[in-house]
Amino acid sequence: MQFRDFSLLVRDTKVRGFAEGLERGELRASRCVGCGAVHFPPRSDCPTCWSGEFTWEPITGTGRLITYTLIKVPPRHFAPDLTQRAPFSTYVYAPTAVGLVEMEDGLRVMGWVCGVAAQNLHVGMALTPKPEVLDDGRATIVLKSEGC
Amino acid sequence: MARVGVVGIGHSRFGIREDASLRELAFEAVRSCINDADVPLSDVQSMVVAIASDELSYALQPSAQVGDYIGFHPKPSFRAEAACASGSMAVRAGWMNIASGLADLVLVVGAEKMTEASTPDVTEVLGRAGDFLWEHPFGMTFPGYYAMIARAHMAKYGTTEEQLAAVAVKNHKYGALNPNAHMRKEITLEKAMSSFVVADPLKLFDCCLVSDGAAAILLASEAVAKKLRPDPVWLSGLGLGTGSLALAHREDLTSLEATVEAAGQAYRMAGIGPEDVDVAVVHDCFTIAEIVAYEDLGFCPRGEGGPLVEHGETCIGGRIPVNVDGGLKSKGHPVGATGVAMAVEIVKQLRGQAEEGRQVPQADVGLSHNVGGNGQHTAVHIFTRA
Ligand SMILES: [Zn+2]
Chain A
1 MQFRDFSLLV RDTKVRGFAE GLERGELRAS RCVGCGAVHF PPRSDCPTCW
51 SGEFTWEPIT GTGRLITYTL IKVPPRHFAP DLTQRAPFST YVYAPTAVGL
101 VEMEDGLRVM GWVCGVAAQN LHVGMALTPK PEVLDDGRAT IVLKSEGC
Chain B
1 MARVGVVGIG HSRFGIREDA SLRELAFEAV RSCINDADVP LSDVQSMVVA
51 IASDELSYAL QPSAQVGDYI GFHPKPSFRA EAACASGSMA VRAGWMNIAS
101 GLADLVLVVG AEKMTEASTP DVTEVLGRAG DFLWEHPFGM TFPGYYAMIA
151 RAHMAKYGTT EEQLAAVAVK NHKYGALNPN AHMRKEITLE KAMSSFVVAD
201 PLKLFDCCLV SDGAAAILLA SEAVAKKLRP DPVWLSGLGL GTGSLALAHR
251 EDLTSLEATV EAAGQAYRMA GIGPEDVDVA VVHDCFTIAE IVAYEDLGFC
301 PRGEGGPLVE HGETCIGGRI PVNVDGGLKS KGHPVGATGV AMAVEIVKQL
351 RGQAEEGRQV PQADVGLSHN VGGNGQHTAV HIFTRA
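Top to bottom, those sequences are chains A and B.
Mapped onto my numbering, the consecutive letters of the first sequence carry residue numbers 1 to 148.
Mapped onto my numbering, the consecutive letters of the second sequence carry residue numbers 1 to 386.
Simulated from the structure, these hints should not be mistaken for lab results.
Check before you lean on any hint, since a few could be wrong.
[What the hints assert, rightly or not] Cross-link-like lysine-lysine pairs, in silico, DSSO-like; alpha carbons within 30 Å at most:
(1) A:Lys144 <-> B:Lys156
(2) B:Lys185 <-> A:Lys72
(3) B:Lys173 <-> A:Lys72
[To be verified] Ranges of calculated distance between the beta carbons of each label pair, as one might list FRET restraints:
(4) A:Gly25 <-> B:Asp276: 49 to 59 Å
(5) B:Pro40 <-> A:Ser51: 55 to 65 Å
(6) B:Ser42 <-> A:Cys49: 47 to 57 Å
[Unchecked claim] Where chain B lies over chain A, by a calculated footprint (3+ residues, C-beta under 8 Å):
(7) 65-73
(8) 100-113
(9) 116-125
Nothing here was measured: the structure is a model prediction, and the numbers come from that model.
For glycine and all other residues, C-beta sits at the position ideal for the given N, C-alpha and C.
Based on the sequences and whatever the hints tell you, model everything.
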């Protein structure tokens, strides 16, 4: 069973600029031109005012970890026999914790946790979401602890 | 409002059914349903079929396989889908079929053949029930989503991994008594606690089984139901709620908004409250899901789901017996079949026909709770004898 690489899906959306930004080191939300609502993950269409216009808004600062997991049984696209590597995911199944941080403005960002072993994570700890370019040139989102 | 009754129930054996195709599994359930109702299929006017996944069945319109094999054509039939809650969508569509006056005898069938696909493939397809664009890329799987819910619940309320394991121990205890269950064996708390980690903090025994199977019920209008049998069970309350695609967009990660919405609708429609429920089947795709369901359904206050199961209050003899058929955990979870199988179980309980050791005494009001994905759809149905 083959599935399309998710990155291709992002590139085939109206928010394809997100993936391009990530590769340049920018983590961005969308801001609705109509009502100013900020959305993450970014979206081209506003469900509040129905505007289809948006601008990019950088996500900066440190968030608070609200939950996390360490997935040991991977889905198909993380299986070792994967041939097509995904741009903002790790390409092999290597147990890295995944976390969800909440920023001060309430935006929530999912990413790979960097610099803290899973057993040392706790809800409420400070982590900073950042783009990260992997060895293969593809970009992902990581949640960095201090000193990472 | 016109009432809709359940006049027949049927259930295949759940498990790794390498011996049977999708259509043959459905046939097993339909045959036992038709036999139970003692009504010829020719009297049935319409059918709704739940099969969750085109990917798992490798086919579009898999419901046509069912209709053809039971010999239903040319009568009306269509498929209902909401991932793991597909079965309850079919029950709901069956109810609507009758309440609208379109038909007064409707067959509802749920079926799934999952074990032909590899575990990574099933994990992939199910994981994509969530936000495949923005969360699935981080390897988020079904267990991963519920692991995040568990971690948040543990942080907020102090829920423990032992309490999660207690759900598995309870459900396996009852599943062992259910001849249709996939895994008919009891497990110990130690065994559950020492099983390998699937998505931390969820271990193997926190996860439901990947199963093949089918279930069917026959629904009838009030007049027809009363003619067909002296003891129809009434589908008295229906609720359907929806929740965000992305887990990140849940205001409270420890609750499913869709369940709260669906439960409110169902209780109002049936004119009852959670305290009136004598027996419940809830969607324990993962042990944490059962604990969250207790709270969202109002069986206990927020944060007390862990202690509720730990103190045996959801066993027979406790405050509210839950999943005494083994649940998805031990009975198995052929996704499309599950919602229909839940209806079968509640009807069985209300008729007093459950197997020895797992019959809830004097059960007059039963509730089923069926979640699609990780809370994108939830159906709550209330069944009554009166
Ligand atoms: Zn707007």
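Hints and how they fare:
For the hint pairing lysine 144 (chain A) with lysine 156 (chain B), the CA-to-CA distance comes to about 23 Å; that is within 30 Å, so the pair holds. Straight-line distance between C-alpha atoms of lysine 185 (chain B) and lysine 72 (chain A) comes to about 25 Å, which keeps the hinted pair within the 30 Å bound. This hinted pair checks out: lysine 173 (chain B) and lysine 72 (chain A) have alpha carbons roughly 27 Å apart, not beyond 30 Å. For glycine 25 (chain A) and aspartate 276 (chain B), the Cβ-Cβ distance of about 58 Å falls inside the hinted range of 49 to 59 Å, so the restraint holds.
For proline 40 (chain B) and serine 51 (chain A), the hinted distance range of 55 to 65 Å is satisfied, since their beta carbons lie about 58 Å from each other. About 55 Å separates the C-beta atoms of serine 42 (chain B) and cysteine 49 (chain A), a value consistent with the hinted range of 47 to 57 Å. Residues of the segment 65-73 of chain A lying with their CB closer than 8 Å to a CB of chain B number 8, which satisfies the three-residue condition for coverage. Remark: the segment 100-113 of chain A is confirmed as covered by chain B, as 6 of its residues place a Cβ nearer than 8 Å to a Cβ of that chain, reaching the required three.
Counting residues of the segment 116-125 of chain A whose C-beta sits closer than 8 Å to any C-beta of chain B gives 4, which meets the bar of three, so the coverage hint holds.
Comparing the model with each numbered hint stated earlier shows that all of them hold.
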